[in-house]
Each structure stands twice: as structure tokens, then as C-alpha cells.
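In the order they appear, the protein sequences are chains A and B.
Residues in the first sequence are numbered consecutively from 1, following the UniProt record's numbering.
Residues in the second sequence are numbered consecutively from 1, following the UniProt record's numbering.
Honestly, I wouldn't trust all of these hints.
Chain copies aren't distinguished; within one or between two, either way the pair holds.
Stated by the list, open to error - No more than 27 Å apart at the CA atoms, straight line, and that leaves these computed lysine-lysine pairs for DSS-like:
1. Lys146 - Lys217
2. Lys111 - Lys571
3. Lys231 - Lys333
4. Lys340 - Lys291
5. Lys41 - Lys581
6. Lys210 - Lys521
7. Lys581 - Lys571
8. Lys317 - Lys210
9. Lys246 - Lys521
10. Lys11 - Lys291
11. Lys340 - Lys111
12. Lys317 - Lys340
13. Lys367 - Lys571
14. Lys521 - Lys291
15. Lys231 - Lys495
16. Lys367 - Lys231
17. Lys11 - Lys495
Quick caveat, the hints were computed from the structure, so don't treat them as lab data.
Being a predicted model, the structure only gives us computed values, none of them experimental.
Below, each chain spelled out in residue letters.
Number of protein chains: 2
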Amino acid sequence: MLIVDSVQHAKAGHAGMALGMAEVAYFLYRHAMRYNPTSPKWFNRDRFVLSAGHGCLLQYVCLHLARFQSVQHGIMSSRFLCYTTGPLGQGVANAVGLALAEANLGARFNKPDVAVVDHRTYCIMGDGCSIEGISNEAASLAAHWKLHKLTLIYDDNHNTIDGSTDLALSEDISARFEALGWNTITVDNSQGNLEAFKNALISAHSETGKPTFIRVKTTIGKLSRKEGTSKAHHGTFDDDDVKLMKQKVKWDDTEAFHVIPMVYREMQAQADLGGRMEQEWHSKLYYYQNKYPEEAAEFKFLLADGMLPGWECSLPKWSMSDPVDSTRGYSGKCLNELAKVLPGLIGGSADLASSNQAYLHNLGDFKQPNSPWGRNIRYGVREHAMAGISNGLPLHSGGLIPFAATFLVLSDYMKNSIRLSTLSHAGVLYIFTHDSVGIGEDGPTHQPIEHLAGLRAIPHLLLFRPADGKETAGAYKVAIENRNVPSLLALSRQKVAGNVEGTLADAVGKGGYIVSDNSEKELPEIILIGSGSELCLCEASANVLSKEGRRVRVVSLVCWRLFNRQTRDYKELVLPSSVSKRVSVEAGSPLG
Amino acid sequence: MLIVDSVQHAKAGHAGMALGMAEVAYFLYRHAMRYNPTSPKWFNRDRFVLSAGHGCLLQYVCLHLARFQSVQHGIMSSRFLCYTTGPLGQGVANAVGLALAEANLGARFNKPDVAVVDHRTYCIMGDGCSIEGISNEAASLAAHWKLHKLTLIYDDNHNTIDGSTDLALSEDISARFEALGWNTITVDNSQGNLEAFKNALISAHSETGKPTFIRVKTTIGKLSRKEGTSKAHHGTFDDDDVKLMKQKVKWDDTEAFHVIPMVYREMQAQADLGGRMEQEWHSKLYYYQNKYPEEAAEFKFLLADGMLPGWECSLPKWSMSDPVDSTRGYSGKCLNELAKVLPGLIGGSADLASSNQAYLHNLGDFKQPNSPWGRNIRYGVREHAMAGISNGLPLHSGGLIPFAATFLVLSDYMKNSIRLSTLSHAGVLYIFTHDSVGIGEDGPTHQPIEHLAGLRAIPHLLLFRPADGKETAGAYKVAIENRNVPSLLALSRQKVAGNVEGTLADAVGKGGYIVSDNSEKELPEIILIGSGSELCLCEASANVLSKEGRRVRVVSLVCWRLFNRQTRDYKELVLPSSVSKRVSVEAGSPLG
Numbered sequence: 001m002l003i004v005d006s007v008q009h010a011k012a013g014h015a016g017m018a019l020g021m022a023e024v025a026y027f028l029y030r031h032a033m034r035y036n037p038t039s040p041k042w043f044n045r046d047r048f049v050l051s052a053g054h055g056c057l058l059q060y061v062c063l064h065l066a067r068f069q070s071v072q073h074g075i076m077s078s079r080f081l082c083y084t085t086g087p088l089g090q091g092v093a094n095a096v097g098l099a100l101a102e103a104n105l106g107a108r109f110n111k112p113d114v115a116v117v118d119h120r121t122y123c124i125m126g127d128g129c130s131i132e133g134i135s136n137e138a139a140s141l142a143a144h145w146k147l148h149k150l151t152l153i154y155d156d157n158h159n160t161i162d163g164s165t166d167l168a169l170s171e172d173i174s175a176r177f178e179a180l181g182w183n184t185i186t187v188d189n190s191q192g193n194l195e196a197f198k199n200a201l202i203s204a205h206s207e208t209g210k211p212t213f214i215r216v217k218t219t220i221g222k223l224s225r226k227e228g229t230s231k232a233h234h235g236t237f238d239d240d241d242v243k244l245m246k247q248k249v250k251w252d253d254t255e256a257f258h259v260i261p262m263v264y265r266e267m268q269a270q271a272d273l274g275g276r277m278e279q280e281w282h283s284k285l286y287y288y289q290n291k292y293p294e295e296a297a298e299f300k301f302l303l304a305d306g307m308l309p310g311w312e313c314s315l316p317k318w319s320m321s322d323p324v325d326s327t328r329g330y331s332g333k334c335l336n337e338l339a340k341v342l343p344g345l346i347g348g349s350a351d352l353a354s355s356n357q358a359y360l361h362n363l364g365d366f367k368q369p370n371s372p373w374g375r376n377i378r379y380g381v382r383e384h385a386m387a388g389i390s391n392g393l394p395l396h397s398g399g400l401i402p403f404a405a406t407f408l409v410l411s412d413y414m415k416n417s418i419r420l421s422t423l424s425h426a427g428v429l430y431i432f433t434h435d436s437v438g439i440g441e442d443g444p445t446h447q448p449i450e451h452l453a454g455l456r457a458i459p460h461l462l463l464f465r466p467a468d469g470k471e472t473a474g475a476y477k478v479a480i481e482n483r484n485v486p487s488l489l490a491l492s493r494q495k496v497a498g499n500v501e502g503t504l505a506d507a508v509g510k511g512g513y514i515v516s517d518n519s520e521k522e523l524p525e526i527i528l529i530g531s532g533s534e535l536c537l538c539e540a541s542a543n544v545l546s547k548e549g550r551r552v553r554v555v556s557l558v559c560w561r562l563f564n565r566q567t568r569d570y571k572e573l574v575l576p577s578s579v580s581k582r583v584s585v586e587a588g589s590p591l592g
Numbered sequence: 001m002l003i004v005d006s007v008q009h010a011k012a013g014h015a016g017m018a019l020g021m022a023e024v025a026y027f028l029y030r031h032a033m034r035y036n037p038t039s040p041k042w043f044n045r046d047r048f049v050l051s052a053g054h055g056c057l058l059q060y061v062c063l064h065l066a067r068f069q070s071v072q073h074g075i076m077s078s079r080f081l082c083y084t085t086g087p088l089g090q091g092v093a094n095a096v097g098l099a100l101a102e103a104n105l106g107a108r109f110n111k112p113d114v115a116v117v118d119h120r121t122y123c124i125m126g127d128g129c130s131i132e133g134i135s136n137e138a139a140s141l142a143a144h145w146k147l148h149k150l151t152l153i154y155d156d157n158h159n160t161i162d163g164s165t166d167l168a169l170s171e172d173i174s175a176r177f178e179a180l181g182w183n184t185i186t187v188d189n190s191q192g193n194l195e196a197f198k199n200a201l202i203s204a205h206s207e208t209g210k211p212t213f214i215r216v217k218t219t220i221g222k223l224s225r226k227e228g229t230s231k232a233h234h235g236t237f238d239d240d241d242v243k244l245m246k247q248k249v250k251w252d253d254t255e256a257f258h259v260i261p262m263v264y265r266e267m268q269a270q271a272d273l274g275g276r277m278e279q280e281w282h283s284k285l286y287y288y289q290n291k292y293p294e295e296a297a298e299f300k301f302l303l304a305d306g307m308l309p310g311w312e313c314s315l316p317k318w319s320m321s322d323p324v325d326s327t328r329g330y331s332g333k334c335l336n337e338l339a340k341v342l343p344g345l346i347g348g349s350a351d352l353a354s355s356n357q358a359y360l361h362n363l364g365d366f367k368q369p370n371s372p373w374g375r376n377i378r379y380g381v382r383e384h385a386m387a388g389i390s391n392g393l394p395l396h397s398g399g400l401i402p403f404a405a406t407f408l409v410l411s412d413y414m415k416n417s418i419r420l421s422t423l424s425h426a427g428v429l430y431i432f433t434h435d436s437v438g439i440g441e442d443g444p445t446h447q448p449i450e451h452l453a454g455l456r457a458i459p460h461l462l463l464f465r466p467a468d469g470k471e472t473a474g475a476y477k478v479a480i481e482n483r484n485v486p487s488l489l490a491l492s493r494q495k496v497a498g499n500v501e502g503t504l505a506d507a508v509g510k511g512g513y514i515v516s517d518n519s520e521k522e523l524p525e526i527i528l529i530g531s532g533s534e535l536c537l538c539e540a541s542a543n544v545l546s547k548e549g550r551r552v553r554v555v556s557l558v559c560w561r562l563f564n565r566q567t568r569d570y571k572e573l574v575l576p577s578s579v580s581k582r583v584s585v586e587a588g589s590p591l592g
């Protein structure tokens, strides 16, 4: 009835799924999940993802009943929500990311005598989530990695917005998950009998080699006159329908938002259990620290922000005398040096590890037989799931710094997930190589000439297009310092002309800066503005113009967003408004 | 050996897949597929899609052996290729689109006594294609629609770029396709025995309710020293490896690009068969025309460009006195009027048909029991497959005009396919509603404030953001007139202020034009430039400024790309360069 009252109060919302899954969600919060409402960020808590994010009312109501303090009725927000789902399927990938983080950290830190990382991940998905491509990709990986502590609960209510799922769905979803390698269980909860669901969870918990898929047959909009139809998907109820629903469950209290005190008491029991478990976990951690001080120190870094003081000193320093390389080549060297001092750096490529030069040498492949603790993640050709999974990692542990690599052109496959990184403050590091036409023989399908514009338009994302080794190292530094937002490195396949005399790693944080200027005390006549592999073209052109007696300035615009954030004075200093002869050079769309 | 010679000559290419699948592809072109090299665009030919597009050498070689005239060795291009695949998984969706077109047109035009639409669609995919989310979405739909004339051939060579598929793949792909509803067959072709493959095709051809998935176990880079390893995926061979390969198959001819004359003769037999079948088809068509003249006339329109003269007159005409509506509402009315005069207009939404107002009333749902001929396609929550399938439709028949609808924010899920629409000249009509912050209660995950910028940067795509009914109708007209490129309509959820006095349907083709100006014979002091739901804000502001005695012009910039294509004089007329006070108003990213 809290769900009903909330949707009536807000005059909007998606009560249908919330009503259909109310009993299941209550069971999870009351009996299954381990959490502590007075310590909501407790590291070893179970994680919960509502992939069918439109049903968030359900989660708010559960959080309220469990007395998470900041949840407010009808206002539909909670600071205990860590991530944004909504675009369907994303949450499934996020949940795989959370379970991956648990498995990876467990393999790295647990000892035969003490497990400091040991929790489950639950995810609720709907029909839409189940048929989106990203969820199939992510589910395939979850089984490949044997993430047995992951439980995916499928709200099988047989309705989507446009009508019955019969309109567009005839596959056997359970059989598909079985084919992917999951333990699958079907539960009929349309009559509200939770015994079968309880048994399904027991089976899930006893599974040690597979993630578990629980298909729960439910009734959308249960109790209401719209029940079982797509009309219940979203929107409010008629007043007399509300009255009828309350009668059906003998809800004689007429006051809205009423909660029977016993429900709070019931939920309190689970909260108390969570509190005791957190205490136990702290005792374990104490024991761990004494017995394994070195591992404990690293583990604590990962629970905080993952930064060892002075980490940035490990970044390579390049000069003009160094051999020339591609910026993907410089990037690979930065990444490998950083991996030595940042224990949370973990990630991989969608089957292009060597092309992207995004492989951590000697740090193992996650879940391969000899390296369950490996920090290289082999995503296979699954760009979208890679991005969705990456979003789950920093949200699991503040110190995890995920990187996700592919060709820039394939960022299209991941775009919604990249967007959600910014909305969820997931500090993913996107390493996108082959960033323009200089990609070799693959042709237009693989030439990302328009992608920089689209990615630069995503609010908050920091997009770096470094020109050489120095700027690449600088971009890594700024990216890792700014982990409340994702960063994206657009990198060349081809060798750049070498390190440019005037570039500076430390200037990357300004977004744009003067690389060279022969104007001495005067203002330049011409400003050449370049980024990435085209900055050296600007330098070469400036040299020619300089010989012709022109006053020329070259500006590197390595990150537009950071340059925009500088003071008016600084921007005027770099790009004086009185100099109107400006040429921008970038091998891509001029948009912007 | 043509494959080997080609990759050596071009010093690049992906010979591994081509060698592993050479026998299968040869069998398809020699024995299975119906085509006529002297009439390559014959309507009733079988369609072939190489989803693993990097292996295009294989296709070029087959086209050469079949004597399609414009194929040239080593130059790797052919004007007989209709679409661009490459980004993995796309081709599977394209093939489903081709098979859908065949099934839809067959249901609409075939008669009990004569089938004028009757061909098969073949698609080869690799490991990468098989695990990309888009292929699972598309395969799910193919089975739902019972596209039994579609045969998907899976090149199971157990290798991707990064190494063995064991790195990232442990699902049972055949079982997954079975769960999706496919007829599945496994063939071991690693020893070059084509008998089993032949039997698989016979089984596929006898299947009447399901598409068929043939898993062919092959050896990547067969014959070469790299065979069976990921090293064979791409790149050239050592010269002595080439020598060894030629010895292995007793290829004593030393000249590169040698073809044994018998091979041409063998292939010629199939070409001759295709020629005879085309003749038979023309006879059928003649009979059909005599017996069913009305249907034949419509069918012929669909084989050409699908345009009935005067079609544009059916577009609604709005004026200021009409009731206000959202632009999605105006769009829905245009779409339904157009559907009456454009028999090729066919499409659907990814489970948002009513939200998008993209439903053709009284024209049935494709493949629902009562309407196999339906022109509404129910894609379910599968945006990416919707876009990939839509690309297949206009490439099947010039007169098919597909529309694909969802929320603008979810264009992210389809971005790569949209990009491929432009590269393949597939005139898809993208109908994207809820185009900015005015979307109701859904919040930031569903507010596409950055998407216009990214989409406008895609070369060739025509993006329209109409302000009212008149401009919406104008946008439809221009979009349908320009079907060599895709068009995108960005439409509001909320009602706009009404039809604006100065807007003109006929001006949309210019991309930008003057809506109002109170300057009389002088130049304006200020130009307000708006698009979509913000144009009326510009008009309202202009009224205020006008009352204050200012000379103000309002410009509608409904399609940036078309405006950019106008003459310098016209652009100067609309936006005089001497008027530097310009305000652009669009509820989205200012990028651009």
C-alpha cells in the first residue's frame, strides 16, 4: 500500500512492476540480504541492483521499511542509491560488475583462514532487460567467470509497455540462460507463495560454479483492476480502484503512507542481523590486519580511494629525444607503470587488447585457471557489456579504477553506458584507440570521424586527445585524480611525429595551453589549435609560417571541457579574443 | 589460392576466416544460392550477408569466380555489395531485415497460384558476431517471426583477435539459438567434407516454421602455418608459407591470381541456372500482372522507388487555428497519412509505439496470426536490432521505406547502426521522440540533452528538429525525397505552443529560413535562432523585444546539414554576417 500511496501522491510512477514484485522484494530485504541501515556503506554488505529501474518505487519502499534514513515518500530519491539504471539491461551488466569485483577482490585478499570479501549480489530485471543485447552479453560473461554469488531475479510478468510480451517475444528465456551456463530455477509467485522463492534462494546459495537465474512468474499491477495487463505498467490508479485494493488486503487504515508497526519490527530483525554481521566482519578484519599486514594495507587502500601517495611519480616521462610512438603506445606504457602503484587498476578490452595496448603485463587474466585474481579482464567481443560491467566496479569499491578499451569507432556500441558512468559518478577510464582516419586498411566503417563531437557533448565526461607521450602521461594523471567522473582517452593507431618540444604533462589539467609562439612581446597574427595526432601538423605549419615572417601561436586543446572551466583571464591569455585568425586542426568532424 | 594471392598483393587483409570458410562459401555460390551475375539486381535472387565483414576477401573471391564483372583482385571493392558490415553483429540484423522484407512482401503479394516473392537469405557470422548483443536481439526476432527462409551459418573457428575463444566464451551457442527458437545443426567441416553441410542446407530448406542455424566447425587460416590460431586472423603470410600452402594443394602454377578454367565453368553452371530462374520469374510476373493488375502495380512501385506521383499531397496541412499538439503528435498524423499512399512505408517501435505515436492504424502487426502482411513491426525492447533490421529493408527493395521509433535518449543503443545507414545509403526514417528535458517524470537517464550534437556529427544523416505541425510535415517530405540517406526526426513529448505564424513546410528543405522579422527595410539588430520546441520561445521573445522597439529576426534552423548546403548568398540572406548579436535557443548541449 506504500507503493500505491506513493504513486497516487506523486501523480506518476511505475507501480505495476512494484506491486507484482512486492513480496519478492520484501522477502529479499527481510530474509535474504545482509545490510546494515545504520552503516549503509559497509563494505561487505550484499549488493542489490534494480535493473528494471522504472520500478524504483519498490526499492524506495523497501529502503524505507528497512529504515534507511534519507528515504522520503513520494519524493522518490535516496542517497543510498549508488547507481542509475533505467535504460533497460544496464543494471544486469552493473550487477555482473559488482559480482566481478567481489570475486576478484576475494581471490586477491581472502586467505584460507579468513575471508574479508564475501557477499552476494542480487539483481531484479524485467522482460525488457532480459531481451536487450547488453544483458545477454553480460550474462554470458557472468557464467564464463563462474560468478556463483550472483543471483538474477527475472520478474516474468508477461507485459511490456506496448502490451503482452507475446507481441514480440517467443524465446525460452530460461533455456537461453541455461545455454549461457547459468543455474536456472522457475518459481510461480503469482499466488504470493514465497516458499518456492525461498527454496530457489537456498539453491542459489548452495551453487558454487554458476550464477543463478530465478524466473519468478508474477502479476503486474497485482490487486488493482489493471492487474495482469500492460495498462498497469505506469501511471496512477482511479480513486475507487485504490479503495478496492485496500479493501482486498483488509487495509482498514484510511491514512495514506500508513505502515503497520509490526512490519518495521520485522525488518528491524534483519537490520540487527546485519549489524551483528558487520561487527563480525570488523573482527575478521582486525585478525586479518594482524596476520597479513601487507595485504591488509593494500585492501584498505582499495576500500578508500586506492591511491598510494606519490602514485603519479610512476608515470613515464618522455622528451623529444625518445623514439617516436603512437599515443596508444605511450598509453600502454603509462597503464603498465600505473598498475604497479595503483592496486585498484583493473580492466580489459573487448578482444582488442594488443591493438589497444591495454594489457597489464604479468598481472594475469581474471578467472583464468592460474590467475583467479588476475587484473586483466577478457571481455570478448562485447563492448556494451564491458562498459556496463565497468560501471559496477568503482561503485563496488572506491579504490577500483576500471579501464575499458576498444576502437573509438566502437564507442557507439557503449554510448549509453558511458553516459551512465557520468550520471552515476563511476570513474571509468575509457581507452579508445584508432581515433580517426589513420587506422590502416579497415575503411570507413572503422574510421571514427564523428565520434569526438558526440562524446564531447556528454556532460561531465573528460575527453582527452593527447598529442604525444608527455600529454598522454598528463591525461592519465588528470583522469585518475578526477575519479568522480569518467575519463576518455582518444588515442592514435599511427605513430605521431614524436614528442613535441612545447607540450607539458602538467599543462593537461588546464585542458588547453600554449605550445609554441614566436610572437615575443606582441600578440600572434595567427593561432593554430590542434589536438592529438594533429598537433604536430600545427607545429610543422607554424614553422613554415614563422620562416615567412608570421607571428604564429600553436595551442594544444587536449581537453575541451577542462579548458572551458578555466578562468576568463586564462582563456583570454591562451586565445586572445582580438586574434581572429584561428585555424583548428583535428582529423574529424568540425562540429563544435 | 586467390585469397592468399590477394592478401599478399594488398599487403593486408583478413585471410584467416576466408581460408577457413572457403569451401563453405564456394558451396553456397556453386550449389545453393540463386543469382544471376549478368543481372545482379534481379529482385527474386537469394540474398547473402557476410556479417563477419573483415573476411570480405572471401566474398570478393566468390563474386569473381561467379563472374560478377566489376570485382577486381586486390583492390577489394565491388559495386555488387549493397551494404557495409564490419562492426560485428550488424550483418546478422541486416540479414534478419532482408528475410523480414521477403516474408512481408510475400505475405502481401503472393497468391495461392503464383509466388512473385520467394527467395532465401544466407548470412555468415563469426564468433564475434555471435556474442555481440545485437545478434542475439535480432536472432530472437527472427525466430519470433518464424523467418524460415533465413539461414545463419556460424563460422565456429574457435579464435578471435586476442586468442582462443576459451578466453572469454564458454556458452553453448547452439543451445542458445535453440532457446531462441531456431532449428540448429552442427557440421564439422574442419576436414573439408561438404556432404554434411549439404545435408544441413537440405534440412534448412525443408524447415517451414523456424530459421536455421548451421554451426560449421572450421579451421582459421587453413593450410597456412598459422592455421588454427589467432595469429591467422589477419595479416599477410611469409613467402615460404605461401609456397608451402600452394604445394599442399598441388597448386603448381606459380603465377599469382591463377584460376583453373574448370572452376569458372563450374560456377557458370550455377549462373546459368540463375539466369533460367530469372526468366521463369519474369514469366510469373507477366502472369501475375494479367491476373492481379492492381497488386502488380503496387508491387512494381515497391521494386522501384515506392513513390506514387503526388504522394506528398497526402501530408496534413496545419495552420495557427488548429489545436496545439506535440511534434510527436503531428508526426503520428503525418505517418498515418503517408502510409495510405506509400505502400512501402513499414516500421515500428522498440516497445514504445504509443509513446512515439509511430503506429500505422489499421495496417496490422507483421506476423501476428491475423496479419502476416502487417506493416507495423513489433520490435520489443530491442533498439539495436531494430536499427540493424531497418537497414536491411530498403536494401532489399528500393520501395521499402522503413521507420524505426524510440526515445531520442535510446538512440545511443542504435548509434552504430544509424552510422551504417549512412554508409550503406539505407534510407531509414528514425523517429525519436521525447527529444529533450520535457519528458515528464523519468529524470536524467531519459533526458537526451547531448544527443543532437552527436547525431548531427554523423556524415550525411539528415537530422530534422521541427517546430510545429507545418515543419513536421515538411520534414517528412524532405526525408522521403532523400532516401539515399537516412533521416532522423527529433520530436517533442510536450505540446508546442501551436503552429507558428511564419513557419513553412516548404522551407524545411532549405534547412534554415526566416520565420519572422520586424526590421522592414533595415537589417535586424538581433537574430534569435531556434529549433523544435524552442522556436516558439524565440517567437515569444521576439514579440517582447519588438515591443521594446528592437529590430528582431527569428530563424528556424530545422536541419543544420541542409542549411549548410545552401548557397553562400542564401545563408548570408538568412544570417547576415554583419549581425553579430545572435542567440541560439535549443534545450540541449550548445556544442556546435
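Results for each hint:
no. : hint            : result
1   : Lys146 - Lys217 : both (26 Å within a copy, 26 Å between copies)
2   : Lys111 - Lys571 : neither (54 Å within a copy, 71 Å between copies)
3   : Lys231 - Lys333 : between (56 Å within a copy, 23 Å between copies)
4   : Lys340 - Lys291 : within (24 Å within a copy, 78 Å between copies)
5   : Lys41 - Lys581  : neither (54 Å within a copy, 52 Å between copies)
6   : Lys210 - Lys521 : neither (70 Å within a copy, 77 Å between copies)
7   : Lys581 - Lys571 : both (16 Å within a copy, 22 Å between copies)
8   : Lys317 - Lys210 : neither (45 Å within a copy, 60 Å between copies)
9   : Lys246 - Lys521 : neither (81 Å within a copy, 70 Å between copies)
10  : Lys11 - Lys291  : neither (57 Å within a copy, 59 Å between copies)
11  : Lys340 - Lys111 : within (22 Å within a copy, 71 Å between copies)
12  : Lys317 - Lys340 : within (16 Å within a copy, 67 Å between copies)
13  : Lys367 - Lys571 : neither (48 Å within a copy, 60 Å between copies)
14  : Lys521 - Lys291 : neither (65 Å within a copy, 88 Å between copies)
15  : Lys231 - Lys495 : between (58 Å within a copy, 23 Å between copies)
16  : Lys367 - Lys231 : between (45 Å within a copy, 23 Å between copies)
17  : Lys11 - Lys495  : between (58 Å within a copy, 19 Å between copies)
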